[in-house]
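Asker: Below are the chains, spelled out letter by letter.
There are 2 protein chains.
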Amino acid sequence: MSLLANTPKPPYYAVIFTSIRTEGDNGYGETANRMAELAEQQPGYLGAESAREEVGITVSYWTDLESIKNWKANTEHLEAQKTGRKLWYESFKVRISKVERDYGI
Amino acid sequence: MSLLANTPKPPYYAVIFTSIRTEGDNGYGETANRMAELAEQQPGYLGAESAREEVGITVSYWTDLESIKNWKANTEHLEAQKTGRKLWYESFKVRISKVERDYGI
Chain A
1 MSLLANTPKP
11 PYYAVIFTSI
21 RTEGDNGYGE
31 TANRMAELAE
41 QQPGYLGAES
51 AREEVGITVS
61 YWTDLESIKN
71 WKANTEHLEA
81 QKTGRKLWYE
91 SFKVRISKVE
101 RDYGI
Chain B
1 MSLLANTPKP
11 PYYAVIFTSI
21 RTEGDNGYGE
31 TANRMAELAE
41 QQPGYLGAES
51 AREEVGITVS
61 YWTDLESIKN
71 WKANTEHLEA
81 QKTGRKLWYE
91 SFKVRISKVE
101 RDYGI
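Residue numbers (the working numbering), protein chains in the order written: chain A, 1 to 105; chain B, 1 to 105.
Be careful, since some hints might not be right.
Just so you know, same-sequence chains aren't split out, so a pair can sit in one copy or run between any two.
[As the list claims (entries may be wrong)] Straight-line Cα separation of at most 20 Å, SDA-like style, residue types lysine to any residue; simulated pairs:
#1 K98 with T7
#2 K9 with T75
#3 K93 with T7
#4 K9 with V94
#5 K93 with G104
#6 K86 with A51
#7 K86 with I20
#8 K98 with G47
#9 K82 with T31
#10 K82 with T7
Read the hints as simulated data drawn from the structure, not as lab findings.
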């Protein structure tokens with residue numbers, strides 16, 4: 001598996017999730033792994049990239065807005081989002097964007 | 001300064017730059033800092049977020065496509081891009097996307 005997401009020719013969608021964590025794990029690691037695994041099983045999922053230093057950044061890629069909306073409404077994911085707001089994140093931002101062009105090596 | 005970019009109400013643009021580095025610094029750190037500083041001075045720049053573990057992710061935010069195009073064509077930046085392709089990156093991907101919606105805490 002490549003570490004960079006192997007996305008198709010644009011257009012497709014990117015969900016840019018950036019966050020600052022609170023102190024301590026508090027079950028975060030386990031849920032983060034489970035959410036990554038669960039996201040992969042969703043219709044319309046194209047891939048994801050993730051890194052954390054001071055700021056955590058996860059970008060997930062999707063075929064369309066409907067798939068993003070369905071993933072946001074997933075029952076297990078809703079539970080994780082609730083705990084995220086309450087416990088895991090000092091602050092976060094979710095940006096829904098449409099990828100219009102890409103290139104690379 | 002907040003660690004998360006303080007972007008305005010959408011729409012605006014996000015440049016998602018993901019990369020795998022080659023081994024060794026080879027002048028990368030110094031140039032990366034200089035490019036971050038230089039980007040901040042460009043018209044249309046709105047902010048950026050950055051983290052690296054196995055994958056490096058830098059997301060920079062811009063008012064419009066013209067500003068992104070001008071930054072890509074900046075002379076000093078062009079030189080850095082050339083060295084990046086030759087020396088610093090095993091692989092990379094640049095995705096130009098339009099942020100349609102955002103939320104957070």
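Asker: Against this structure, judge whether each hint is valid.
Answerer: The hints, checked one at a time:
1. Taking identical chains as interchangeable, the C-alpha atoms of K98 and T7 lie at most 20 Å apart whether they share a chain (13 Å) or sit on different chains (17 Å).
2. Taking CA atoms no more than 20 Å apart as the test, K9 paired with T75 passes in neither setting, with 31 Å inside one copy and 29 Å between copies.
3. In this assembly of identical chains, K93 and T7 lie within 20 Å of each other by CA distance solely across copies; the values are 10 Å between and 23 Å within a copy.
4. Proximity of K9 and V94 under a CA criterion of 20 Å is satisfied inter-copy only: 13 Å between copies versus 23 Å inside one chain copy.
5. In the homo-oligomer, the alpha carbons of K93 and G104 lie at most 20 Å apart only across protomers (4 Å), although the nearest pairing inside one protomer, at 26 Å, exceeds that limit.
6. In this assembly of identical chains, K86 and A51 lie within 20 Å of each other by CA distance neither inside one copy nor across copies; the values are 22 Å within and 24 Å between.
7. Within a single copy, K86 and I20 get their C-alpha atoms as close as 13 Å, which meets the 20 Å cut-off; across copies the closest is 33 Å, which misses it.
8. Within a single copy, K98 and G47 get their C-alpha atoms as close as 15 Å, and across copies as close as 18 Å, so both meet the 20 Å cut-off.
9. In the homo-oligomer, the alpha carbons of K82 and T31 lie at most 20 Å apart inside one protomer (12 Å), although the nearest pairing across protomers, at 40 Å, exceeds that limit.
10. In this assembly of identical chains, the alpha carbons of K82 and T7 never lie at most 20 Å apart, being 29 Å within a copy and 24 Å across copies at closest.
In this structure, the hints that do not hold are numbers 2, 6, 10, in rising order.
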